[in-house]
Amino acid sequence: MEQLSFSFDGLASCDRGVYAIVGVVASGDLEILIERHALDGRCEIDIQTSVHGFETTWRAVMQRFVSNRPLGNTRVTVNDSGATPAVVSLRLAQAAQALDEASA
Amino acid sequence: MNINEGAPLDGMAPSQRSYQEASARERARGLCDAGSFTEWLDPRERLTSPHLAALDAPVAFDDGVVIGAGRLAGERVFVAAQEGRFMGGAVGEIHGAKLTGLLRRAAKERPAAVLLVLETGGVRLHEANAGLVAISEIQRAVFDARRAGVPVIVLIGGGNGCYGGMGIVARCCDAIVMSEAARLSVSGPEVIETARGVEEFDAKDRALVWRTMGGKHRYLLGEIDRFVDDELSAFREAATMYLNRPAPLDLNAALAEHARLEQRLARFGTCEDALDIWAAMEVDEAARITALDTGAFLEAAATALASAREGHADGAL
Chain A
37 MEQLSFSFDG LASCDRGVYA IVGVVASGDL EILIERHALD GRCEIDIQTS VHGFETTWRA
97 VMQRFVSNRP LGNTRVTVND SGATPAVVSL RLAQAAQALD EASA
Chain B
2 MNINEGAPLD GMAPSQRSYQ EASARERARG LCDAGSFTEW LDPRERLTSP HLAALDAPVA
62 FDDGVVIGAG RLAGERVFVA AQEGRFMGGA VGEIHGAKLT GLLRRAAKER PAAVLLVLET
122 GGVRLHEANA GLVAISEIQR AVFDARRAGV PVIVLIGGGN GCYGGMGIVA RCCDAIVMSE
182 AARLSVSGPE VIETARGVEE FDAKDRALVW RTMGGKHRYL LGEIDRFVDD ELSAFREAAT
242 MYLNRPAPLD LNAALAEHAR LEQRLARFGT CEDALDIWAA MEVDEAARIT ALDTGAFLEA
302 AATALASARE GHADGAL
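Chains A and B supply the protein sequences, listed in that same order.
Take any residue in the first sequence, count from 1 to its spot, add 36: that is its number in this note's numbering.
Take any residue in the second sequence, count from 1 to its spot, add 1: that is its number in this note's numbering.
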């Protein structure tokens, strides 16, 4: 397993939702746990992935995920079992939406 | 991958959705009254498997099982739902401890029922002895809950079926509800083929697999209690029938079951195939059983089971 951590700051934040979990740890898929936390406005991302050597790709996907979303003060934790970047992006969008709807 | 999990399809109540396609968490929520399910040890606790971590394998935040409490038809129920897509729903140490803990709590707090939403290959082989111990603890906890008067209801409708030690656990419970897509057995098709050869059991023959281990055959053999459509609402409705209605758990019940199994063996022991059993049961057009929809199948089954009862005055079947 490879452990990757990213931290993004200067993001807008909001207090909708407490936590959400989407996806499943199955071949070609991943699970994403997204939680609101007081992180001085940062979005902190921790990834455990079974596929080594794709830090640049993960960083690019996560950079795009946090742009234009109010993800300040949010912790994102990922258990990955070899999902492609497209699947990761879909699951991230789903997680952000689920977190938003969890407040309703 | 099911992108809709967590967010119901527009205009469709969660209960109208396919049971088979739903995730474990969707099943737990969809079986309970709307909005009533509360998860215990939710993913934020990060109760992941130490064994998988030691093997450098991916872990899941819930270790593949969702547990909690909710309401069903207004009554308090406990629910455990296995996620078949994580390691085939297999039981590891944490996964098993969550199931055991839920059942032990049920024995103390006596909800109207425990719903076990099973989809599993049995013991998680990565965790070997810890998984085996977990299965025996679950089994003991099922009996403790039942002894306390809490009905334990098994629901099986996932694509992976219910196999291995959990297949045995299922048959230790008060009642089992299955759909056509579901399968219930101990050794799976590939295991039998590997151990006994393709002449004994051809795991690639899907028709053979389903007519041997599928919901229809289990229903005709009297090993399950209800056969339902692949809908969350159908499973929910069936589970409601067993609330506060524990099956007898005593020596007489065990002896009666042994007698039933002895007679079944005497009657069907020489049959080579499920089709032979259905023919011997005098099911109308036995060969067409697998093609019938739920309503037609239940009608054919009722006729066959009624005539079997007439033929055996003790009502053993």
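Calculated directly from the structure, the hints in this document are not laboratory data.
Here the structure is a predicted model, which is why all the values come from computation and not from measurement.
Check the hints yourself; a few may be wrong.
Residues from chain B shown here face chain A by an in silico Cβ test under 10 angstroms; the list is partial [as the list claims (entries may be wrong)]:
no., residue
1, L48
2, P51
3, P59
4, G65
5, A260
Every residue, glycine too, gets a C-beta built ideally from N, C-alpha and C.
Structure-based check of all given hints:
Contact between B/L48 and chain A, as hinted, is not supported at the beta carbon level, the nearest pair being about 12 angstroms apart and thus beyond 10 angstroms. At a threshold of 10 angstroms, the smallest CB-CB gap from B/P51 to chain A is about 14 angstroms, leaving the interface hint violated. Taking 10 angstroms as the C-beta contact cut-off toward chain A, the hint placing B/P59 at the interface holds, the least distance being around 5 angstroms. With 10 angstroms as the threshold, the beta carbon of B/G65 comes within range of chain A, its nearest partner Cβ sitting at about 8 angstroms, so the hint holds.
For B/A260, the interface hint is violated, since its Cβ never comes within 10 angstroms of a Cβ in chain A; the closest pair sits about 44 angstroms apart.
Taken one by one, the earlier hints fail for this structure at numbers 1, 2, 5, listed in ascending order.
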